[in-house]
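Make the complex out of the two chains shown on their own, each in a separate frame, by following the hints.
Sequences listed follow chains A and B, in order.
Sequential numbering of the first sequence, starting at 6, is according to this note's numbering.
Sequential numbering of the second sequence, starting at 200, is according to this note's numbering.
Just so you have them, the derived chain A footprint on chain B, three or more residues with Cβ under 8 angstroms:
# : segment
1 : 325-338
2 : 448-457
3 : 516-522
These aren't lab readings, by the way, just hints derived from the structure by calculation.
The beta carbon of each residue, even a glycine, is placed where N, CA and C say it ideally should be.
Chain residues, written in single-letter form:
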Amino acid sequence: MDLATFFQQLANAVSLGSLYALIAIGYTMVYGILRLINFAHGDVFMIGSYLAFYAISATAMPWWAAFPVALCLTAALGMGLERIAYRPLRDSPKISVMISAIGASFLLENVGIVVFGGRPKSFPSIALFDTVVKLGSVSVLSVSLFIPAITALSLLFLEYIVHNTKTGLAMRAVSTDLDAARLMAVDVNRVISFTFGLGSLLAGLGGIMWTMRYPQLNPLMGIMPGLKCFIAAVIGGIGNIQGAVLGGFLLGFLEIMIVALLPELTGYRDAFAFVLLILVLLVKPSGLLGKKQTVKV
Amino acid sequence: MKLKRNTILSIAALSCLAIFLGFADLFLGRFAIRILNLSAIYIVLALSLNILNGFTGLFSLGHAGFMAVGAYVSALLTMSPSQKEMNFFLEPIVPFLQNIQLPFVLALIAAGLCAGIAAFIIGFPALRLKDDYLAIATLGFAEIIRVLLTNAQRLTNGAQGLKGITKHSTTPVVWSVAALSVLFTWALTRSSYGRTMKAVRDDEIAAEAMGVNITRVKSVSFVISSFMAGVGGALLGHMITTIDPKMFMLPLTFNILLIVVLGGNGSISGSVIGAIVVTVLMEALRFLDMPMNLLVIKTNGLPGLRMVMFSLLLMLVVLYRQRGLMGNREFSWDAIIGAGKRVFSAGNRAHKNSSKNGIKP
Numbered sequence: 006m007d008l009a010t011f012f013q014q015l016a017n018a019v020s021l022g023s024l025y026a027l028i029a030i031g032y033t034m035v036y037g038i039l040r041l042i043n044f045a046h047g048d049v050f051m052i053g054s055y056l057a058f059y060a061i062s063a064t065a066m067p068w069w070a071a072f073p074v075a076l077c078l079t080a081a082l083g084m085g086l087e088r089i090a091y092r093p094l095r096d097s098p099k100i101s102v103m104i105s106a107i108g109a110s111f112l113l114e115n116v117g118i119v120v121f122g123g124r125p126k127s128f129p130s131i132a133l134f135d136t137v138v139k140l141g142s143v144s145v146l147s148v149s150l151f152i153p154a155i156t157a158l159s160l161l162f163l164e165y166i167v168h169n170t171k172t173g174l175a176m177r178a179v180s181t182d183l184d185a186a187r188l189m190a191v192d193v194n195r196v197i198s199f200t201f202g203l204g205s206l207l208a209g210l211g212g213i214m215w216t217m218r219y220p221q222l223n224p225l226m227g228i229m230p231g232l233k234c235f236i237a238a239v240i241g242g243i244g245n246i247q248g249a250v251l252g253g254f255l256l257g258f259l260e261i262m263i264v265a266l267l268p269e270l271t272g273y274r275d276a277f278a279f280v281l282l283i284l285v286l287l288v289k290p291s292g293l294l295g296k297k298q299t300v301k302v
Numbered sequence: 200m201k202l203k204r205n206t207i208l209s210i211a212a213l214s215c216l217a218i219f220l221g222f223a224d225l226f227l228g229r230f231a232i233r234i235l236n237l238s239a240i241y242i243v244l245a246l247s248l249n250i251l252n253g254f255t256g257l258f259s260l261g262h263a264g265f266m267a268v269g270a271y272v273s274a275l276l277t278m279s280p281s282q283k284e285m286n287f288f289l290e291p292i293v294p295f296l297q298n299i300q301l302p303f304v305l306a307l308i309a310a311g312l313c314a315g316i317a318a319f320i321i322g323f324p325a326l327r328l329k330d331d332y333l334a335i336a337t338l339g340f341a342e343i344i345r346v347l348l349t350n351a352q353r354l355t356n357g358a359q360g361l362k363g364i365t366k367h368s369t370t371p372v373v374w375s376v377a378a379l380s381v382l383f384t385w386a387l388t389r390s391s392y393g394r395t396m397k398a399v400r401d402d403e404i405a406a407e408a409m410g411v412n413i414t415r416v417k418s419v420s421f422v423i424s425s426f427m428a429g430v431g432g433a434l435l436g437h438m439i440t441t442i443d444p445k446m447f448m449l450p451l452t453f454n455i456l457l458i459v460v461l462g463g464n465g466s467i468s469g470s471v472i473g474a475i476v477v478t479v480l481m482e483a484l485r486f487l488d489m490p491m492n493l494l495v496i497k498t499n500g501l502p503g504l505r506m507v508m509f510s511l512l513l514m515l516v517v518l519y520r521q522r523g524l525m526g527n528r529e530f531s532w533d534a535i536i537g538a539g540k541r542v543f544s545a546g547n548r549a550h551k552n553s554s555k556n557g558i559k560p
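Here chain B stands alone, though its shape is the one from the complex (with noise of 0.2 angstroms):
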């Protein structure tokens, strides 16, 4: 009964997000389209930082590093050669890349496979590391592949970056991969494959006990979420259409922390909310950022506030609300219905109380 009501739920709310992203074009202006999308993206983005940190327990400052990788192959794939032409006007594009046009769907998978292999390549090294070492050795291989990148003029313009990427990133294609992003790791995290993440997580020296091949379960973690981060990155480049290597630095890894931390470390609901919320806020707040005219005060813009906002917000959380906003806890009806009732019946409680004691409400 309590099953039957919950699928009913989930159907249903489901079918509503549906019907309401397939119109969405039709009735939102482009500014809320941009801020609809980009949560999507960052859904893919915070999933795949979550299967690390949250399920593995690997922290990864690295994340902005595959993005860039995934990014420029789709870019520089999908690109025509007229518009590469026009791009490389400082030196001529490497000759294989010259002609190459694929469709979208095979250059996103592109981009996250790239993204995958560097991944793998840079874990032989990097997850032999622990904790803060890891961190750096990633937040290293991040700057060196922007580095790299930076320098590679023929094979990605360097630091002029890529301009009139096409503009694939449309509604339904971003909200499907973060559709997909959500059944991937939910299949993930419940298989056996999952679980032993989470025993590497819990206790490395457990899991090696038990025979968990910890080595390779890393690496395969890595490589997921890199793939994840890859695909991220390359919706990101054709939503913005330009991109350059100064984009995906450490700001940027920043900003997904942030959602995975705020909606709860190794939580998938909690990321998707997470998101959302911090997609939202991100733009609701650039507010702070313009001219103020506070009845006191008058500020005439002052830039970086709205990340000063953001910085508090992340050490807040971390200080006093370690779990986020979901702990490790999925959404559930039974949860929502739950604090209904809860709430429903302390309002009545109080309401009896009130009458009882003789006061008019």
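Chain A on its own, in the form it takes in the complex (with noise of 0.2 angstroms):
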């Protein structure tokens, strides 16, 4: 591999490593709050994409005033979804809960064939995102510039609401101790709410991104990101934003580099980030900056 290929590759294992950071940080944060993996996470992801497909083909909207619309919208189905699907479930043992998610998985996905169509769609262009920008000897679209600094503006914001705001003072509450926490007074339904609001916001935005990088739409396009995603934050250590984004772009370069260096494991790539989860689990199943949890008796 010479130079230039490897900066070509390195540039596209950088926004790819970005895409799943951005999408990881929504499983941590719903697993930090409830203990619960948001199954039903790379379908909000999915929808979101669809969201604003539509809010830009349906109506006149320019794609600035859309892709807030369908942000909006995608936060909305992410509190829907814990309201009706998870809330109920709170206090029941943690299969069920798990059950449900899968459920609502397979709920929105089966009701994006049925409403969006089975066909896959093509994403519009989007003159601002879609240029071949060249820096050197690599060219890449420009809107793999803009999703590292989305990533990177989203983080900062995410550790200013938790670490500098109320609301987020009481998310760590919760995710300390959600009974003690009610009774300091804090709003648990609020909170878990507006986790998954949030959480949801950041599938969305990873869903637009995605489709701009990768133009297509398919109502099942949500499964493998959403478990790779998953996978990235287990690795990172669940419940940890930093580890969310340590574990998207560790998954992102692996997945590129090693089809970049050993192109005869193309076929294996989905693979990878399973062996890796097994691996991470085996050796350190807090993940590489998660605590480490005891269990009393």
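Here you go:
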């Protein structure tokens, strides 16, 4: 591999890693608070990109008006999902909540197939994001430059919310001990709802970026990114926002670089993430940046 | 007296069922036979997931992977050399499989054993995890199995899959396997081993404190469950006669999970009833995907609407009736007769009341 190809692949890896990171944050936030894998997160990501697609192509809105509308709707979807599928089961065994989450995921996918149609759609091209930029010998789509920047901004914004606002304090309190937080007069339901909204907003953002980078939409497009981003969150240490970003980048780099270095492994690309997950769970189950949790009898 | 009545009822019901199944081929159409046999296969699969999920409390999402192993092993072992040559037209098959052709029963056992061995190997790392981590890890392993099957061109014919698998899954075969599975699961859950499994499910730490070797119990349960999943997968392959790696993905596991949850986690008869109900519904609701002409709304076919219903069904069961149809109880004649008596006496009472009030029925 010469230097030019290396930099080209590096650019690809950075943009894929940023996308993974953006979606992984949503998983990690929900898990941090409810100890629940939101299996439907990948499908929220899918719905988010469809909403953006329809906001642009079905209405006359320009993209800078359409995207915020789509993002708000996605956040509302996430909050509704929590209200309907997860809140009634908050005191049920973990398996029940997981089954409900899987049901929700299948529901969204199949509603997607019914409403949006099974045939893939292509995302309209937006000039600002769809131009080829030359950086020396490396040529990238401009959206690949926007993606890391947007991920970085989202991360800063999130860090601000979690560490400098009252809601963030409440989120951390609920995550440490839900019952104690309730006794301290934290409105637990509101905080959880807010977390779902924020996580889904980021998933929607990730979805929009994803479809501009890989401009094809289909109702099952959320499954693989969803699983991989969950894995990214676990690798980084689930419940930890920096960990999710680290895991997302790690996974993105690994996928791009292994295929670039060993092209004969291309067919196995979707398995890398799972192998990595199993290795991490074996060596350090709490993830790279996670805290070890002990069980009290 | 009561015991005797129940035995007589059971024997009568079972012989009716046996006679029905024995002659089903004669008077049922091909479509009905297919649903009947599919129910039996789903019974095997649901029981296998129930051993894991309902009796040992291990939540696995990797069932489709073990089914794939079983389906491929059995298909490759029973296929005739000429059929193999036709399938492997891109690249020749590995030599040691080229001329091998085993009787169906042996191939079925081999399918189960291979799935069991795969589970044993996977269980080593995976079973150290709990709850959601276990679910994701098993899902990951199933995905890895699928990717391996897709890429092992000379072993599995890759993404093209295998066509022309011998149609061995006839009504007597699948229902015998289903009956064996029910018997086996019943015996297992009543054995002391089954009780340790339930102990692990109910409280792992307490079970460990009582001297139960948790790792071994989990591992054995995982292997048994996967053995059955492998057999079920093999039967499925021999029924559809075509398999490819894409068949064995999460939606297949979802169907089985739906059966187990609907029937009742930890109930054998629940799984049996759930398997039949879900299989029949899957076919009966096929019209939802077709063009419809409701009085007001006209649709020209909404593929996916059927699965929307099933996802809703799963969520409704989990949200409003977590016990499923049977809870963790089993089918019993006493319960049925008791319920019948209650309905009957309630009817009588209502009748008496209404005549007392002077309302003419």
